[in-house]
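Chain residues, written in single-letter form:
2 protein chains.
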Amino acid sequence: MVTSRWTAAPAQAPPSRRRGAVLERAILEAALEQLGTVGWNGLTMEGVAAGAQTGKAAVYRRWPSKVDLVVDALQAGLPDLTRAPDLGGVREDLLEVCRRVRDAMFSPQGIALRSVLHECDARQAERFNQVIRGRVVEPTLRLLREVVHRGIERGEVRPDAANSYVFDAVPAMMMYRAKVCGSEWSDLDLQEMIDQMMVPLLCVHVGRPA
Amino acid sequence: MVTSRWTAAPAQAPPSRRRGAVLERAILEAALEQLGTVGWNGLTMEGVAAGAQTGKAAVYRRWPSKVDLVVDALQAGLPDLTRAPDLGGVREDLLEVCRRVRDAMFSPQGIALRSVLHECDARQAERFNQVIRGRVVEPTLRLLREVVHRGIERGEVRPDAANSYVFDAVPAMMMYRAKVCGSEWSDLDLQEMIDQMMVPLLCVHVGRPA
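Protein sequence lines, in the order shown, are assigned to chains A and B.
Just so you know, we're using my numbering here: the first sequence kicks off at 482 and counts up by one.
Just so you know, we're using my numbering here: the second sequence kicks off at 482 and counts up by one.
Hints listed in this document are in silico derivations from the structure and should not be mistaken for laboratory results.
Some clues are possibly wrong.
The list cannot tell twin chains apart, which means a pair is met if one copy fits it or any two copies do.
List of simulated lysine to any residue pairs, SDA-like, C-alpha gap at most 20 angstroms [to be verified]:
{"hint": "1", "residue 1": "Lys537", "residue 2": "Ala502"}
{"hint": "2", "residue 1": "Lys660", "residue 2": "Arg543"}
{"hint": "3", "residue 1": "Lys547", "residue 2": "Ala531"}
{"hint": "4", "residue 1": "Lys537", "residue 2": "Arg623"}
{"hint": "5", "residue 1": "Lys660", "residue 2": "Arg595"}
{"hint": "6", "residue 1": "Lys547", "residue 2": "Glu577"}
{"hint": "7", "residue 1": "Lys537", "residue 2": "Glu505"}
{"hint": "8", "residue 1": "Lys547", "residue 2": "Ala606"}
{"hint": "9", "residue 1": "Lys660", "residue 2": "Ala603"}
{"hint": "10", "residue 1": "Lys537", "residue 2": "Arg635"}
{"hint": "11", "residue 1": "Lys547", "residue 2": "Ser664"}
{"hint": "12", "residue 1": "Lys660", "residue 2": "Arg639"}
{"hint": "13", "residue 1": "Lys660", "residue 2": "Ile592"}
{"hint": "14", "residue 1": "Lys537", "residue 2": "Val661"}
{"hint": "15", "residue 1": "Lys547", "residue 2": "Glu627"}
Whole structure, please, built from the sequences with the hints as guidance.
So, in structure tokens, the structure goes:
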């Protein structure tokens with residue numbers, strides 16, 4: 482069997498030649514890395530390509546714009562908020578949901594999301610706000626609904642507490658105190674919020690103010 | 482008595498010659514007008530001076546920078562949130578506080594504040610966030626505290642409801658739904674928030690979830 486240098490060449494391709502999911506992940510990681518070092522305004526498709534040790538064309542082939550690339554880079558690593566905790570009581574379940582939301586807010590992706598929002602223009606901000614709504618706020622509301630409905634079934638929670646203002650109270654307070662007070666939501670802060678706001682709001686009542 | 486053309490001249494000065502508070506108000510109004518038409522990035526000290534029919538020096542004499550000028554322009558017209566309502570019941574008092582907060586949020590100054598925050602850089606944003614905290618959030622919390630404490634004195638509100646999470650619940654929800662859901666807080670929205678979140682949160686309880 483005769484092999485020329487030319488037909489043998491593909492087998493000798495450099496080991497760094499990556500394709501598909503592997504290359505994609507390297508590019509997304511490089512984008513997140515760039516975001517952390519040079520920020521949204523400093524990030525370029527060329528810089529990301531260099532960071533991922535690939536060519537600019539490989540980046541543009543997958544993501545037509547910087548916004549598309551960064552949206553995917555931020556979404557890829559955001560902690561998962563899909564499975565509701567089931568610890569036997571509504572207070573513990575709420576606390577666990579809040580811990581997970583706090584961990585998502587203060588993950589590298591969550592921190593990068595907020596700093597991008599400070600730098601980008603209003604049209605781009607809409608894309609990043611969609612990520613916050615779709616990947617943090619809405620999953621959080623689904624977890625809270627499940628936990629509250631389970632509390633109602635157990636007789637712990639008054640049935641009319643299952644309304645949108647009660648569900649929104651947790652993300653609203655977490656966003657507000659992070660933004661206005663610079664809170665980083667320690668475990669103790671989360672406990673205080675649950676005990677001083679959510680438990681009184683959810684429990685059975687005798688009387689209402691006039 | 483002899484008067485020359487020269488000694489009489491001051492009395493004939495053009496009526497548009499304004500000083501002190503009058504000129505200051507004209508400059509602040511011109512700044513707000515500019516903000517509404519060309520936005521934070523388009524606003525210049527020259528443009529504001531032209532709008533107020535005065536010279537650039539008259540503007541710089543009072544405000545050393547664009548940020549100082551715009552902060553004052555926004556603060557000057559923000560609705561006042563100092564006197565707590567006293568309508569005889571905590572529900573009505575809370576509703577009236579919320580209506581006033583909503584009116585401040587959606588005043589021309591409140592709307593301009595939010596759009597400036599989208600355009601300016603992080604250091605400038607801190608100055609505008611101070612205006613929001615000092616002129617909207619903190620006065621709102623003072624009103625809510627007064628209204629809740631009066632409810633406790635009347636026996637309408639449980640005494641341990643006077644905590645910071647309960648007070649923050651209103652500004653947190655109003656900020657969150659304006660930002661995340663685009664809510665403009667109609668009177669009906671405000672009523673629902675009070676009836677579904679604040680009234681259950683404030684009223685007397687029999688039991689708590691386990």
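(request) Have a look at Lys660 and Arg639 and pick one of within, between, both or neither, based on CA distance no larger than 20 angstroms. (result) Neither. Shortest intra-copy (31 angstroms) and inter-copy (29 angstroms) distances fail the 20 angstroms Cα cut-off.
(request) Evaluate Lys537 and Arg635 at a C-alpha cut-off of 20 angstroms and name the case that applies: within, between, both or neither. (result) Close neither inside one copy (57 angstroms) nor across copies (70 angstroms); limit 20 angstroms.
(request) Using 20 angstroms as the alpha carbon limit, work out where Lys547 and Ala606 are close: within a copy, between copies, both or neither. (result) Close inside one copy (13 angstroms), not across copies (24 angstroms); limit 20 angstroms.
(request) State whether the alpha carbon distance between Lys537 and Val661 is at most 20 angstroms within one copy, between copies, both, or neither. (result) neither (40 angstroms within a copy, 35 angstroms between copies)
(request) Using 20 angstroms as the alpha carbon limit, work out where Lys537 and Glu505 are close: within a copy, between copies, both or neither. (result) within (13 angstroms within a copy, 54 angstroms between copies)
(message) Please sort Lys537 with Ala502 into within, between, both or neither, judging by C-alpha distance up to 20 angstroms.
(response) Cα proximity of Lys537 and Ala502: one copy only (17 angstroms, versus 59 angstroms across).
(message) Within, between, both or neither: how does the pair Lys660, Arg595 come out at a Cα-Cα threshold of 20 angstroms?
(response) both (10 angstroms within a copy, 14 angstroms between copies)
(request) Have a look at Lys547 and Ala531 and pick one of within, between, both or neither, based on CA distance no larger than 20 angstroms. (result) Intra 15 angstroms, inter 39 angstroms, cutoff 20 angstroms: intra-copy only.
(request) Please work out whether the CA atoms of Lys660 and Ala603 approach to 20 angstroms or closer within one copy, between two copies, in both situations, or in neither? (result) The answer is both: 18 angstroms in one copy and 13 angstroms across copies each meet 20 angstroms.
(request) Indicate which option fits the pair Lys660, Ile592 if close means a Cα-Cα distance not exceeding 20 angstroms: within, between, both or neither. (result) Answer is both: 12 angstroms inside a copy and 18 angstroms across each meet the 20 angstroms cutoff.
(message) Within, between, both or neither: how does the pair Lys547, Glu577 come out at a Cα-Cα threshold of 20 angstroms?
(response) Neither: 35 angstroms inside a chain and 46 angstroms across chains, both beyond 20 angstroms.
(request) Check Lys660 against Arg543 for me: Cα-Cα at most 20 angstroms, and say if that holds within a copy, between copies, both or neither. (result) Answer is neither; intra-copy 34 angstroms and inter-copy 31 angstroms both fail.
Hints 2, 4, 6, 10, 11, 12, 14, 15 from the list above are not met by this structure, while the remaining hints are.
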